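J.: Could you build all of it, start to finish, from the sequences and the hints given here?
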Amino acid sequence: MSVKYESPSSEVSTSSTQGRNLFSRKKKARIGLNAINIRSARITLVPVFVLLFIFLALPMFNSIKLSVSRWGGLGPLESVGFDNYKFLFSDAQMRYSSRITIFYAFTVAFFVVAIGTLLAAAVSANVRGHKSMKIIWFFPGIAPPTAVAIFWSSGFQPESGVVNVILGKLGLGNAHAWLASSDTALYPVIFVGVWSAVGFAFLVILGAVEQIPVSLREAALVDGANMRQQFTKITLPLIRPILMTIFTLEIIWTFNGFTVVWAMTNGGPSDSTSILPILAYKEAFRYGRFGTAAAMAVITGIFLMIVGTIGIRLSRSEQQ
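Residue numbers (the UniProt record's numbering): 1 to 320.
Hints listed in this document are in silico derivations from the structure and should not be mistaken for laboratory results.
Only a predicted model underlies this, so the values are computations on that prediction, with no experimental measurement involved.
Incorrect hints may have been included.
Straight-line alpha carbon distances no greater than 30 Å define the calculated DSS-like cross-link-like pairs of lysine-lysine that follow [what the hints assert, rightly or not]:
no.	residue 1	residue 2
1	K282	K65
2	K134	K282
3	K282	K86
4	K86	K65
Pairwise CB distance ranges (calculated) [stated by the list, open to error]:
no.	residue 1	residue 2	range
5	A143	I166	45 to 55 Å
6	T309	F258	16 to 26 Å
7	V222	T184	43 to 53 Å
8	T44	T184	26 to 36 Å
9	S160	P213	44 to 54 Å
10	I312	V222	35 to 45 Å
11	T44	N126	37 to 47 Å
12	S182	I150	30 to 40 Å
13	S182	T309	49 to 59 Å
The beta carbon of each residue, even a glycine, is placed where N, CA and C say it ideally should be.
T.: Below you can see the structure in the form of structure tokens.
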């Protein structure tokens with residue numbers, strides 16, 4: 001009777017082969033599962049790309065096409081090349097509106113970020129009434145823009161407006177024609193823009209401040225740093241990327257703003273608040289120059305893309 005003998009090496013070889021086969025099967029299963037997931041993700045993204053094409057790419061293409069055409073609202077487009085752009089770059093009203101729009105957008109963005117940062121610092125420092133601040137400052141941001149504009153238009157009335165009443169109590173006069181004067185009409189618009197937007201910035205900045213480790217502040221406190229030093233040396237540097245992002249977004253949003261300015265002043269008096277969206281609206285629907293309005297929109301879009309790119313790069317450099 002013969003006995004089969006299997007060497008240990010053959011057993012090791014068999015188990016190794018089985019292990020490789022099992023690993024290979026698992027790897028193929030994972031590859032198959034990944035392929036299914038990728039296919040499912042692509043199918044899921046199809047409606048998104050369709051909507052982006054319909055509501056973003058197609059209107060953008062039509063705006064560019066319209067910007068090199070002459071069209072009064074009816075009939076076919078008449079190609080005029082770059083005449084609309086040449087007209088805008090040589091138009092005094094376009095230059096004036098561009099200046100006040102840039103001033104308006106950057107001023108609103110600056111004060112929104114500054115006030116939002118101060119409010120966030122006050123809440124994080126647990127000053128008196130800090131809990132109610134979260135609710136009070138968020139309300140203006142959720143109010144309808146038209147309602148906000150009408151409310152503050154009455155507030156800036158020469159005699160009965162609340163602003164002049166307060167100024168009169170302080171001995172600063174109570175008959176300022178804020179919205180009726182071309183010298184002052186832009187300032188109430190800036191005030192309302194800041195008042196409406198500061199709540200959003202405040203909550204975002206507060207979230208960033210609350211993410212700062214408490215240990216950093218405790219260490220600074222042990223080293224003898226006061227509240228101001230903690231804010232300038234720890235809090236502000238750590239939230240700077242968020243501040244840059246909010247500043248960039250506020251510029252873009254304010255630059256495209258229309259409702260509040262139109263409801264408060266209609267672009268007047270004497271076009272002193274005729275920012276670019278209002279000027280484009282007038283060009284298209286008051287004067288029937290849709291091609292010029294489209295060219296204005298394209299120029300504005302390019303400018304905001306440049307601003308956004310610079311803002312993103314600055315934010316990334318701050319993070320690094």
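J.: Does the Cβ distance between S182 and T309 fall inside 49 to 59 Å?
T.: Once the Cβ atoms are compared, 34 Å apart, the range 49 to 59 Å for T309 and S182 is violated.
J.: Does the hinted range 16 to 26 Å hold for T309 and F258 at CB?
T.: holds, 24 Å
J.: Per the hint of 30 to 40 Å, is the separation of the Cβ atoms of S182 and I150 within bounds?
T.: Distance hint for S182, I150 is violated at roughly 21 Å.
J.: Between A143 and I166, does the beta-carbon spacing fit 45 to 55 Å?
T.: Taking Cβ atoms as reference, A143 and I166 lie about 21 Å apart, which means the hint is violated.
J.: How does the Cβ-Cβ distance of I312 and V222 compare with 35 to 45 Å: does it lie in that range?
T.: holds, 37 Å
J.: Given the hinted pair K282 and K86, is their alpha-carbon gap at most 30 Å?
T.: holds, 19 Å
J.: For the hint 37 to 47 Å, verify it against the beta carbon of T44 and that of N126.
T.: Since T44 and N126 have Cβ atoms about 45 Å apart, the given range 37 to 47 Å holds.
J.: Regarding S160 and P213, is the given constraint of 44 to 54 Å on their beta-carbon distance met?
T.: holds, 52 Å
J.: Falls inside 26 to 36 Å, the C-beta gap from T44 to T184?
T.: violated, 53 Å
J.: Is the straight-line distance between the alpha-carbon of K134 and that of K282 30 Å or less?
T.: At roughly 39 Å apart (the allowed maximum being 30 Å), K282 and K134 break the hint.
J.: For the hint 43 to 53 Å, verify it against the beta carbon of V222 and that of T184.
T.: holds, 51 Å
J.: Decide if the proposed pair is consistent with the structure: K282 and K65, CA atoms, cutoff 30 Å inclusive.
T.: holds, 20 Å
Checked against the numbered hints above, the structure violates hints 2, 5, 8, 12, 13; every other hint is satisfied.
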